[in-house]
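A.B. asks: Please construct the entire structure, taking both the sequences and the accompanying hints into account.
FYI, our numbering numbers position 115 of the sequence shown as 115, with every residue one higher than the one before it.
Treat each hint with caution, since some may be false.
[To be verified] Once the Cα atoms are required to be at most 16 Å apart in a straight line, the calculated EDC-like pairs of lysine to aspartate or glutamate come out as:
no.	residue 1	residue 2
1	49	107
2	80	130
3	61	94
No lab work stands behind these hints, which were simulated from the structure alone.
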Amino acid sequence: MSAAVLLVLVAMACGGNGGSAVSSPKPAAVFTMAAMSGSGVTGSGQVYKGAGSFTVSIQLKGLVASSSHVSHVHVGSCAKPGNVAYALLQVIADAFGNATATSTVGEYYSMPSTGWYVNVHKGPDVTEAEYLPSISCGDLPSA
1 MSAAVLLVLV
11 AMACGGNGGS
21 AVSSPKPAAV
31 FTMAAMSGSG
41 VTGSGQVYKG
51 AGSFTVSIQL
61 KGLVASSSHV
71 SHVHVGSCAK
81 PGNVAYALLQ
91 VIADAFGNAT
101 ATSTVGEYYS
111 MPSTGWYVNV
121 HKGPDVTEAE
131 YLPSISCGDL
141 PSA
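C.D. replies: Structure below.
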């Protein structure tokens, strides 16, 4: 076996097939997470549409280090709050007060005329009055 053939076989075995890199899915919509209640917690978010589902991903900074926060999609807007439409995964800050949370909702992204928004609460649940205030909020755009 020649050295050139051996080199090609080694490259192929190591994944060197010359194929293109897999690209990340493009979000159907992007939005800004604004600080609420004087929290200083800000960030960004994306909505990804799937077949019969949608995924909401948020990235936040300014949280208390290692804190945990309940989050939801609500009906309405940050300016005109409404009821919870969908529960999202817990937002858990790292040692630097940063967090990323990605949640998939098993329904089509079909926003009501009143709109939707993502709300991150102060506490790990809403069982105590002190946990209820919103610390970050983002209006979801049409997608």
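A.B. asks: Which numbered hints does this structure break?
C.D. replies: 2
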